[in-house]
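Asks: Could you build the full structure based on these sequences and the hints that come with them?
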Amino acid sequence: MKRIGLTQRAHTISATAERRDMLDQRWASLVERLGGCPVPLASCIRDPEAYLDALAIDGLIMTGGNDIATLPDANDTAPERDSFESAAYAYCLEKRIPVLGVCRGAQMINLLAGGRLERIANHVALRHAVTWSPSLPQVWDCPAEVNSYHGWGIAPDGLALGFVAAARADDGSIEAFYAADAAVTGIVWHPEREDALSDEAVAFLARTLCLGNDAPKMDKPA
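Basically the working numbering = 1-based index in the sequence shown + 38.
Simulated from the structure, these hints should not be mistaken for lab results. Incorrect hints may have been included.
[What the hints assert, rightly or not] Derived CB-CB ranges, DEER-like:
| id | residue 1 | residue 2 | range |
| --- | --- | --- | --- |
| 1 | Asp85 | Asp233 | 38 to 46 Å |
| 2 | Glu238 | Cys82 | 31 to 39 Å |
| 3 | Ala53 | Gly189 | 32 to 40 Å |
Don't be surprised by glycine CBs; every beta carbon is placed ideally from N, CA and C.
Replies: Below you can see the structure in the form of structure tokens.
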């Protein structure tokens with residue numbers, strides 16, 4: 039069974055003066071359903087490369103939660119998480135390990151690759167429609183609507199070079215993207231929070247992480 043590393047939300051417990059890494063239990067259930075072995079990743083690691091070598095992960099999910107600390111007026115930040123995710127993303131690119139970014143994770147990937155984010159309205163605690171690109175890899179699941187829990191989004195013209203926009207919201211913000219030359223995918227909704235996922239959605243998520251059948255090469259659009 040392939041090991042899928044999951045980055046975690048950082049949260050301070052005031053009553054006990056603890057700084058905790060925390061992960062929604064639904065992630066473990068989802069990764070198991072995809073056919074992987076969930077491996078929660080600690081954020082406060084002095085040597086991320088040695089740590090990830092020791093864990094021998096086969097895929098990485100950069101999960102949601104926490105604003106990215108470098109954003110203006112950011113709330114609930116976790117600089118230690120930002121640092122670890124930056125190192126983990128670079129590690130996976132070098133080792134050609136598949137990466138799936140979810141919500142904040144997709145935003146982080148875009149920033150690390152040179153893209154930009156902007157404050158976005160009407161994307162918190164609701165569902166909205168998405169419009170999909172007419173030319174997508176066969177592996178994509180294309181829901182008509184998605185859940186939404188983010189106050190920062192990828193601007194219509196803010197996607198980093200090397201990524202291909204796959205889906206947009208009605209306001210033009212980018213809801214999904216992939217790298218044309220690497221196994222990197224970003225979605226800004228939360229599959230782990232859905233009450234039920236279709237078989238197509240499960241197959242899509244599994245293929246982004248090369249679980250089961252290896253994901254076919256995602257060619258550049260014509």
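Asks: Could you tell me which of the hints above the structure violates, numbers in ascending order?
Replies: 3
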